[in-house]
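> Taken in order, these protein sequences are the chains called A and B. The numbers in our numbering rise by one with no breaks, and the one at position 87 of the first sequence is 85. Take any residue in the second sequence, count from 1 to its spot, add 3: that is its number in our numbering.
Honestly, the hints are just simulated from the structure, not real lab data. Some clues are possibly wrong.
[To be verified] Over 10 Å on every C-beta distance to chain A, these chain B residues come out as not near it, computed from the model:
#	residue
1	N33
2	K72
3	S74
4	T80
5	R83
[Claimed, not checked] Using C-beta positions, here's what the derived DEER-type ranges look like:
#	chain 1	residue 1	chain 2	residue 2	range
6	B	R53	A	T13	42 to 48 Å
7	B	G43	A	D60	26 to 32 Å
8	B	K29	A	A0	34 to 40 Å
9	B	S54	A	Q15	41 to 47 Å
10	A	E57	B	N55	23 to 29 Å
11	A	K7	B	S31	35 to 41 Å
12	B	K59	A	K7	30 to 36 Å
13	B	T80	A	G14	47 to 53 Å
All C-beta atoms, glycine included, are put in the ideal place defined by N, C-alpha and C.
Read off the chains here:
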Amino acid sequence: NAGVTQTPKFRVLKTGQSMTLLCAQDMNHEYMYWYRQDPGMGLRLIHYSVGEGTTAKGEVPDGYNVSRLKKQNFLLGLESAAPSQTSVYFCASSIRRAGAGANVLTFGAGSRLTVL
Amino acid sequence: SQQGEEDPQALSIQEGENATMNCSYKTSINNLQWYRQNSGRGLVHLILIRSNEREKHSGRLRVTLDTSKKSSSLLITASRAADTASYFCATPPDSLFGNEKLTFGTGTRLTIIP
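Could you build the full structure based on these sequences and the hints that come with them?
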């Protein structure tokens, strides 16, 4: 059982280049998330999805796009990378809880992106 | 903006001692979670406490929640070298809506000295 898998694990980009981070989960989770983690800032939510074909903005969505064409995959795209997007990106997923049910996240191992 | 803030930012203790870290949050919540992150890894869920609970235990972990003070604490007893990690509290943005999202604090970096 792989859980949440992120590819690639490391990537170096030049300013203005584009790239896509792929997140795949094999737990049949409805919800998926992209967070970024920067020193001293904790984790900040970029975008998330509550089901196949749906996406929503998180706290820091600017400069990123996402797609959830298949339930098991959640893609994070950078159309024109900037040095401010140098960060470690984490994907997470969770099952859907009815009503006020708590949401427990399963995280991937992270993707370290450097933009020069 | 962060919902939860952990305190202290960093903590170093001797192996075998107890470690306590705190989390303060801003709005009403219906649950609060703690996660651990080992260096270079993703976060791992440790424990969840609901708003109608005051204390919860899981192995060497003890979590308390004080909704009147909007704060929680995580106690790790009899610490081990393997407990060296960053610890984050996480909350939904409010108690009524948005439970599908979690907001994380900035974390407490715990170092256990052998």
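> Over 10 Å to the closest beta carbon of chain A is the bar; see if S74(B) clears it.
Fine: 17 Å to the nearest Cβ keeps S74(B) off the interface.
> E57(A) and N55(B), beta-carbon distance inside 23 to 29 Å?
28 Å, holds
> Does the hinted range 47 to 53 Å hold for T80(B) and G14(A) at CB?
51 Å, holds
> Does the hinted range 30 to 36 Å hold for K59(B) and K7(A) at CB?
About 34 Å separates the Cβ atoms of K59(B) and K7(A), which means 30 to 36 Å holds.
> Classify the label on R83(B) as holds or violated, using whether its beta-carbon is more than 10 Å from each beta-carbon of chain A.
22 Å, holds
> Beyond 10 Å on every Cβ pair: is that true for N33(B) relative to chain A?
5 Å, violated
> Over 10 Å from every CB of chain A: does K72(B) meet that, or does the non-interface label fail?
21 Å, holds
> Does the Cβ pair R53(B), T13(A) satisfy 42 to 48 Å?
46 Å, holds
> Does the Cβ pair K7(A), S31(B) satisfy 35 to 41 Å?
Roughly 38 Å apart at Cβ, these two residues keep to the hinted range, so it holds.
> At 10 Å, judged by beta carbons, does T80(B) keep clear of chain A as stated?
Holds: least Cβ distance 23 Å, greater than 10 Å.
> Given a hint of 34 to 40 Å, does the C-beta separation of K29(B) and A0(A) actually sit inside it?
36 Å, holds
> Looking only at beta-carbon atoms, does the pair G43(B), D60(A) fall within the given range of 26 to 32 Å?
Holds, at about 27 Å.
In terms of the numbered hints stated before, the structure departs from hint 1 and from no other.
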